[in-house]
Amino acid sequence: MHPDRALDRVPAPALFVASGLAQYLGAALAIGLFTQVPAASVAWLRLVVAAVVLVAWRRPWRVTWTRRTLVAAGLFGAVLATMNVVFYLAIQHLPLGTAVAIEFIGPVAVAAVTGSGWRERAGIGLAAAGVVLLAGVTLEMGGPDSATGLLLILAAAACWAGYILLGRRVALGGDGVTSLSVAMASGALVYAPFLAPASAPVLSSWPLALAVVGVAVLSSVIPYGLEQGILRRVSAATFAVLLALLPATAAIIGAVVLRQWPHALDLAGLALVSGAIVLTSVRRRPGPAEQGPSGPGDPADAA
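The sequence shown maps to residues 1 to 303 in the working numbering.
Hints listed in this document are in silico derivations from the structure and should not be mistaken for laboratory results. Mixed in with the good hints there might be a few duds.
Quick list of the computed label-pair ranges, beta carbon to beta carbon [what the hints assert, rightly or not]:
| hint | residue 1 | residue 2 | range |
| --- | --- | --- | --- |
| 1 | Ala209 | Val10 | 26 to 36 Å |
| 2 | Val257 | Ala112 | 25 to 35 Å |
| 3 | Pro201 | Ala122 | 46 to 56 Å |
| 4 | Thr69 | Ala255 | 38 to 48 Å |
| 5 | Thr66 | Ala112 | 26 to 36 Å |
| 6 | Leu154 | Leu267 | 25 to 35 Å |
Where a beta carbon is used, it is the ideal one built from N, C-alpha and C, also for glycine.
With the hints as extra help, turn the sequences into a complete structure.
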């Protein structure tokens, strides 16, 4: 069975749980690298390794590309790369939980703009409340670099919104994972002149190189590959709400790996996010005007 068809048999929320667990395992591994390699270069190395793995797996040169599909993949890759680099820079200045909560402004905004119906609207509200609770309700800006961190994470949020909309367009345009391999490669090339020189320590240390490979596979290859399978099946608004599962998976990794056990507000936030998933898990049948050659109508086309 084709890998993409196999993914279609798995419920989208289950795929998101697997994606989130892998992503935050990778984040936990990346934390230990920041003292040896600059955060932005760690993000770039993650893209490079992920691009190599995906290109070797999908062999995109066997696909017929048009100028439109190449431009779309290239633009998607630039946004994806910027999202990762800016986020890694932001968490140098902000607590991780706070940064993740602020970054959710991006997907929540996508859901608010592209969603329709009371289920999606109510789900958006529940998910937003859950994210706020999981972040600890209040934003603590303690250091002199707090303003810098805030600006960086807001930029990451904007990139995350772009990732959702562009990613869905790329996924519906053909083989999503193959397009993702091209996007990863193009994004890595865009930032190579700026971030490659500081990555030199990785070339002289096998443990460091293996750690980077682990970060890339866990935080890029697995999550983005799974998300491409999901993006073909759900609306941009539903995808944005499903992204609210990420704080829940982060809490699981924090408890199991870092011994950061959730408190009452964390559990309340998880319950709200679960309610959002229940409300948005029922997919409505598209009407004739929405049905196109790639499947149900794509809300991202209006963006």
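| task | Sort out which numbered hints this structure fails and list those numbers smallest first. | result | As far as the earlier hints go, not one is violated by this structure.
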